[in-house]
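> Quick note on my numbering: the sequence shown kicks off at 1 and runs consecutively.
Just so you know, these hints were derived from the structure itself, not from any lab. Since this is a predicted model, take the numbers as computed values, not measurements. Check before you lean on any hint, since a few could be wrong.
Simulated pairs of lysine to aspartate or glutamate, EDC-like, Cα-Cα distance not exceeding 16 angstroms [to be verified]:
(1) K85 to D96
(2) K63 to E103
(3) K85 to E52
(4) K63 to E118
(5) K63 to E116
(6) K85 to E33
(7) K85 to E31
Have a look at the derived ranges for each label pair, beta carbon to beta carbon [what the hints assert, rightly or not]:
(8) P44 to R6: 58 to 68 angstroms
(9) G178 to S221: 16 to 26 angstroms
(10) G179 to L37: 48 to 58 angstroms
(11) L206 to R163: 18 to 28 angstroms
Backbone N, C-alpha and C fix where the C-beta goes; we use that ideal spot for every residue, glycine too.
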Amino acid sequence: MAQSLRLERAVVIEPTGLAVAAASAGALEAEVEFAGLAANGSLPEAGDNAAERAARFVADLAKLPLAAAQHPILGRARASCLEIKGGWRSLYTIPDRARVRVEVRLVPGCSGERAEAELRLAAARRGGRVEVLDRSDPWSCEGCELARALEHALARAGVEPRRTGMPSWTDGHNLVAGGCREVVVFGPGDLALAHTPTERVELRELVLATRALAELVRDVSLPRT
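Put together the whole structure using the sequences plus the hints.
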């Protein structure tokens, strides 16, 4: 869809707390499978506990070298465990299967290829196999005219302009990949609350965001005098 529209500039609406996000982290999503050997729960030495090896792998994620990559706005690259599954319905069996879902936040200096290589090495040390599910590279539009225009629109709407980075995947990745020259992410709300039971947006922020976007549309639509 992004390629068929052939957009030149776009504002992606996501919760940024009314800050202008002109740079976005990328992401690598992967599943890591661990195979072990089932045994009676009272004889763990007779089996190979896949869940324990998966847990050790999760503990290793914080030690990956990619965490040294840092961006002034986006922060550090980081690998996080999103889900871990393993075990039998019977509580008295050593699990012979476990699965870990991992997301790696990518910043400039930490490519998807590098993150994948480090994940595979860490998983292999614990006997795991990696399947990459999705990968998107970080992007930046920090010097673009659209970001400055949105900052001016915010000021006219009564909001002090602030810059931030977007640590999450958004449709901005699709737009950049589709050739859109200028992309920023902006909107009301707190990203930390998104996809949680307490997700919410303050009406005041919603009104201010609407005013700022109206100012932006008017600014970029009217001929300059």
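> Would you mind marking each hint as holding or not holding in the structure?
Hints and how they fare:
1. Using a Cα cut-off of 16 angstroms, the hinted pair K85 and D96 holds, with the two alpha carbons roughly 11 angstroms apart.
2. Between K63 and E103 the CA atoms are separated by roughly 15 angstroms; this keeps the pair inside 16 angstroms, and the hint holds.
3. Pair hint K85 plus E52 holds up; C-alpha atoms about 11 angstroms apart against a cutoff of 16 angstroms.
4. Our distance criterion of 16 angstroms between C-alpha atoms is met by K63 and E118, whose separation comes to about 10 angstroms.
5. Annotation: proposed proximity of K63 to E116 holds, straight-line Cα distance about 15 angstroms (limit 16 angstroms).
6. Straight-line distance between C-alpha atoms of K85 and E33 comes to about 10 angstroms, which keeps the hinted pair within the 16 angstroms bound.
7. Note on K85 and E31: the hinted pairing holds, with a Cα-Cα distance of about 11 angstroms set against a maximum of 16 angstroms.
8. Taking the beta carbon of each, P44 and R6 are about 60 angstroms apart, inside 58 to 68 angstroms as hinted.
9. At roughly 23 angstroms, the beta-carbon separation of G178 and S221 lies within the given 16 to 26 angstroms, and the hint holds.
10. Remark: the range hint 48 to 58 angstroms for G179 to L37 is upheld by a beta-carbon distance near 51 angstroms.
11. At about 21 angstroms, the CB distance of L206 to R163 agrees with the hint of 18 to 28 angstroms.
Of the hints listed earlier, there is not a single one the structure fails to meet.
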